Amino acid sequence: MGMLRFLKDGSPDNRSAHRGPLGRLENEVMEVLWSRGDSRVQDVVETLNRRLAYTTVMTTLDRLFKKGLLGRRKEDRAFVYSPRFTQPEWQRRRAGELVAGFLAGPQPSRDLLLSCFLEAVGEQDAPLLEELAQKIRAKRKELSRAGG
Amino acid sequence: MDASYLLRLAGLCFASFFLVNAFCGLIALACIPLAIRTAERMEPRAAGRLLLAVRLGPALFGLFVVFALCIPSYLWFEPQATHEDMGLLCAGAGLLGLLAWVLSFTRVVRAVAGSSRYAGRCRCVGRATTIGGTGARMPALAIEHPSALLALCGVFRPTLLVSRAVLETLSPDQMDAALCHERAHWAAHDNLARLLLLLAPDVLFLRGPFRALEGRWARFAEWAADDEAAAGDPFRALALASALVCVAKLGRPPVLALTSSFTSGGLDLEARVERLLRVEQRGPAAHPADSGPRFRVFAGVAALSCAVLVFSASLLPSVMPSIYRLLEDLVR
Chain A
1 MGMLRFLKDG SPDNRSAHRG PLGRLENEVM EVLWSRGDSR VQDVVETLNR
51 RLAYTTVMTT LDRLFKKGLL GRRKEDRAFV YSPRFTQPEW QRRRAGELVA
101 GFLAGPQPSR DLLLSCFLEA VGEQDAPLLE ELAQKIRAKR KELSRAGG
Chain B
1001 MDASYLLRLA GLCFASFFLV NAFCGLIALA CIPLAIRTAE RMEPRAAGRL
1051 LLAVRLGPAL FGLFVVFALC IPSYLWFEPQ ATHEDMGLLC AGAGLLGLLA
1101 WVLSFTRVVR AVAGSSRYAG RCRCVGRATT IGGTGARMPA LAIEHPSALL
1151 ALCGVFRPTL LVSRAVLETL SPDQMDAALC HERAHWAAHD NLARLLLLLA
1201 PDVLFLRGPF RALEGRWARF AEWAADDEAA AGDPFRALAL ASALVCVAKL
1251 GRPPVLALTS SFTSGGLDLE ARVERLLRVE QRGPAAHPAD SGPRFRVFAG
1301 VAALSCAVLV FSASLLPSVM PSIYRLLEDL VR
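Protein sequences appear in the order of chains A and B.
Okay, so the first sequence: first residue is 1 according to our numbering, each after it adds one.
Okay, so the second sequence: first residue is 1001 according to our numbering, each after it adds one.
Since the hints were derived computationally from the structure, they do not count as laboratory data.
Since this is a predicted model, take the numbers as computed values, not measurements.
Cβ atoms here follow ideal geometry from the backbone N, Cα and C, with glycine treated the same way.
Just so you know, not all the hints are guaranteed correct.
[Unchecked claim] Looking from chain A toward chain B, a few residues come up when the C-beta cut is under 7 Å (computed): (1) L129; (2) I136; (3) K141; (4) L143.
[Claimed, not checked] Over 10 Å on every C-beta distance to chain B, these chain A residues come out as not near it, computed from the model: (5) T47; (6) N49; (7) M58; (8) K66.
Construct the complete structure from the given sequences, taking the supplied hints into account.
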């Protein structure tokens, strides 16, 4: 099935998309492609914020294609690259993989992840707890007044 | 009795259970919105029982059909010497029924193991003590830990786990109110209800729709324990509300399946506190002593009626043969 898809659109299987973190240049190139859409190597070279050799960018694009993050087609003897995931899709995947990695690990790493989540949620609860405490104080005063 | 005779019986039992559970479960699914609306107009304890009945009803009725009708009629009428192949429908439904039970038992085993492991660890590091003042005293396991732990752990012999941080933070009034809350969970066998909810097989492997119902049940169980601890006294309600906030400020306790945690992991905390602050407006809450025996009498009468009904039905000459014919159709 993966081979059929590869033959059809000339790109690696979607499922085999690289799961590791991206390097700095890879990230910059992906940002360009997410903002510009379909681009040639020359377009990316011109859009990047720093001056880089054409071959460096070409190698990076080729690496991203092999990692499954980009698709490509030939137009006028040059490759046109396009991102295979939108930026939110990619971020969601990375977050999911991070969590799955922790959950697949030993019990201490799972506990660590969950306690970090709970801590983060707990921090958001602080204003609510303070508000509830104020309501309780007000109620106590009201009851004290009514009682005596 | 040879193996194929027993295998057919087992297949029939699982298939009958699966079909009855699926049929009744779909009816229960359709009734969930109505049940929740009705429950919201009832006292929390009664509301919890209603939702529990809706969730467990299909499985209980399935078991009733299997043990009261299928097995007796099969043993009564099926000749042991016959060799009959099981049809595709029966085999498929039987396998699905078996799978549903395997999944349920897996859930229960994991939950029991998790709770036991946690309680075991607490026993290793904790010391047995009795906590509470004049209002409520309870045996507990005090744990030297700075967490927000105040929970009733275990099903048949629940242990009250309390951390040093909670013991140091709560005033005597707050601790009394918190202990009354936990005692109400104990008296209502809420952890046993949690176990039954885990054990109830899914309807057509759909767990999602019943999750909402189980969540509502957990909410009503907490509300009922709050009401019973407050006992209609605004000062006790206030002590309980402030205990809830104090414990919640310490952080969140570990979430375990068969545990009644005082703050329920912080879920629904706002609603619980708001309810407690309105105690004087709502008037005295129903005390468990008022509703408990009534419910037990009702449950006893219902169980006795079912037993009498089944016994009378089995005496009628046409009932068991009709059930047997139905089973025969199912097997083919």
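Now for the hints, and whether the structure bears them out:
1. Restraint check, A:L129 versus chain B: the minimum CB separation of about 5 Å is within 7 Å; hint holds.
2. The closest approach between the C-beta of A:I136 and any C-beta of chain B is roughly 5 Å, which is under the 7 Å cut-off, so the hint is satisfied.
3. This hint is violated: A:K141 has a C-beta 11 Å from the nearest C-beta of chain B, more than the 7 Å allowed.
4. Interface hint status for A:L143: upheld, as the beta-carbon distance to the closest one in chain B is roughly 6 Å, under 7 Å.
5. Distance check on A:T47: its Cβ is at least 46 Å (rounded) from any Cβ of chain B, clearing the 10 Å threshold; non-interface status holds.
6. With a least beta-carbon separation of about 44 Å from chain B, A:N49 lies farther than 10 Å from that chain, consistent with its non-interface assignment.
7. Residue placement check: A:M58 keeps its beta carbon more than 10 Å from all beta carbons of chain B (closest about 49 Å).
8. With a least CB separation of 39 Å from chain B, A:K66 remains clear of the 10 Å interface cut-off, as annotated.
This entry does not satisfy hint 3, going by the numbered hints stated previously; all others are met.
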